[in-house]
Amino acid sequence: MSSKRTLFEKIWNAHLVAQPGGRSPIIYIDLHLVHEVTSPQAFEGLRVSGRRLRQPARTVATVDHNIPTEPRGTPITDLIAAKQIAALQANSKEFGVRLFDMDSPDQGIVHVIGPELGLTQPGMTIVCGDSHTSTHGAFGALAFGIGTSEVEHVLATQCLAQQTPKTMKIDVRGRLAEGVTAKDLALGIIGQIGTDGATGHVIEYAGEAVRALSMEGRMTLCNMSIEAGARAGMVAPDETTFAYVKAKRFAPRGGEWEKAVEYWSGLPTDKGAGFDKVVEMDAAQLSPFVTWGTNPGMVAPVTGRVPDVGGLKESERHSTELALQYMDLEPGKRIEDIGIDRVFIGSCTNSRIEDLRAAARVARGHRVSAKVRAMVVPGSQAVKRAAEQEGLHQIFLDAGFEWRESGCSMCLGMNPDILQPGERCASTSNRNFEGRQGRGGRTHLVSPMMAAAAAIAGHFTDIRNWKFQ
Amino acid sequence: MKPFRTHRGRVVPLDRVNVDTDQIIPKQFLKRIERTGFGQFLFYDWRFSAEGKKNAGFVLDEPRYSGASILVAGKNFGCGSSREHAVWALADFGFHAVISSSFADIFANNSTKNGFLAVLLSEDEAAEVMRRAREMKDYQLTIDLEQCEVRDDQGLRAKFPMDDFVRHCLLNGLDDIGLTLQHEAEIAAYEALHPMPPSLQPAKA
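Going line by line, the protein sequences match chains X and L.
Heads up: the first sequence begins at 38 in my numbering, then just goes up one per residue.
Heads up: the second sequence begins at 66 in my numbering, then just goes up one per residue.
Among these hints, one or two may not hold up.
What the hints assert, rightly or not - Quick partial rundown of chain L residues pointing at chain X, CB under 10 angstroms, derived from the structure:
1) Lys-92
2) Ser-134
3) His-150
Source of the hints: derived by calculation from the structure; they are not laboratory data.
For each residue, glycine too, the CB sits at the ideal point set by N, CA and C.
Take the sequences, apply the hints, and build the full model.
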């Protein structure tokens, strides 16, 4: 092996516990995030086999996926959801796990609260029974989603046996133009390499455009890595990272902080280190994107059109036709002519304070179209408080948006926030799969600014021409 | 975990690419706290109307494919959400394996933890299995994990890759956690070198 190493290789090697002959390497997991939906069967497995948690203090739980976003204290009418929440409460108590519960001031989407509490730090290995765990890679951590059997495995052993993934560098030269956000960068990448373009790989995002992103922008970018099939996505830690982590509640302090920064500063990929795959992109070529189909790779610039199926390969034509049929769209239709019924601003992709600021800047002084129902769901209670201190909630409410409590909400519609059949939604979330936001619902993925503009216009509109008030 | 050695069964073709786990098991069924009982909800939104009535024409419900235990599908099968419920639903429905020319990583991982096989064939081989399943009456395949091979009675033979250790675990139905705990000394040594950060120590209430 070359002495030049990538960010991924440095973290991977630092976490190798054992490399048994003929078996996948066993790596140590620094932080295990847990939520109500993918954990009950794992805790049950522990009980059945009489096992305990190896490192309860490295395990942090919250409720986010199925909780209502009505004002806290409203009774949960979905009894099965209530049972799942109660199971996490009971399991956290029984196994000694720190839980940020419904009524906690720190509750929020698991991938929002990890970073904002300073639990997420550079150089860590982080897992969660949720595919969007890739979000935490923004800090230069190795973070990936796992299934429930692996959740149980980490609870019991604090380790995972994992085949060594391949590495992929996505180098984004130049700068993103005004109105083109980290979300558009993510959609542009997936549109180019496809929803399986990074399968088996850990992506490192690099280049001037990535360096220029804020921590929240990097989180949005890394969050969507899984939509390209990647095992994880990461950005090398730098001053932007350190400034974000510093003084957060669970961040190192005093002398520990200095030591940590020194260690983190050595993590970025060495010059000349090799990747299994390299993709180059030009940021200046990107525009605000809107998905038109039923996976995040089916994407077009807002100035573009729904594609023609004529020139496609047989297998792609079939899936494109099915997608257009589901989405009720004609080939060749202008994206800006697509009218919408609903808007969702939220999710682990785009529900942080900068996302809400961007959306509020668009909404200020405007009114949501009379035919549109629009909701804003902050990613966490902390985001909600910050937004309210800045008066963002008032801008949204004055414009006719609903202002709700934190959770995953309509990103996956496990709670009462769902689309009705046939409804069309501009959504800042991460998946436009069939029925994702509600059976028969039609999802178009966009950035927070594009979503807010669509809410007001009643159809998609190019944010670069927006009249800010 | 139940060992997987050789399985022979009827093949049903699902001619779609990028079948995501939201389709395999829609979110409204993820609220159960058990591992069992998900089979009835497999591909729910494709198989049933909003009112819960069977949709006509979904391939799984065609009489000629009844009792099928092997699914063949287009590339990038199991993409999207990490929900292991997708594998639980397939297995609970009666499937033993899925054949495709590519699988999403987390789905493939989840499969191995449940004695369920994600069989990776080349694009041409997967397409040929798909064609035979569509065109031949009662098309059956044998999946032989000892030989890492699929074969039919019409002369098709195709090798598939499988990590040696994963194969060993599947063949013997071994529990992953128990195997890792055999490395207790190494884990303890790692932990001694990498103590818990003070900030993560349990809060004194």
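Indices of hints not satisfied (ascending): The structure breaks only hint 2.
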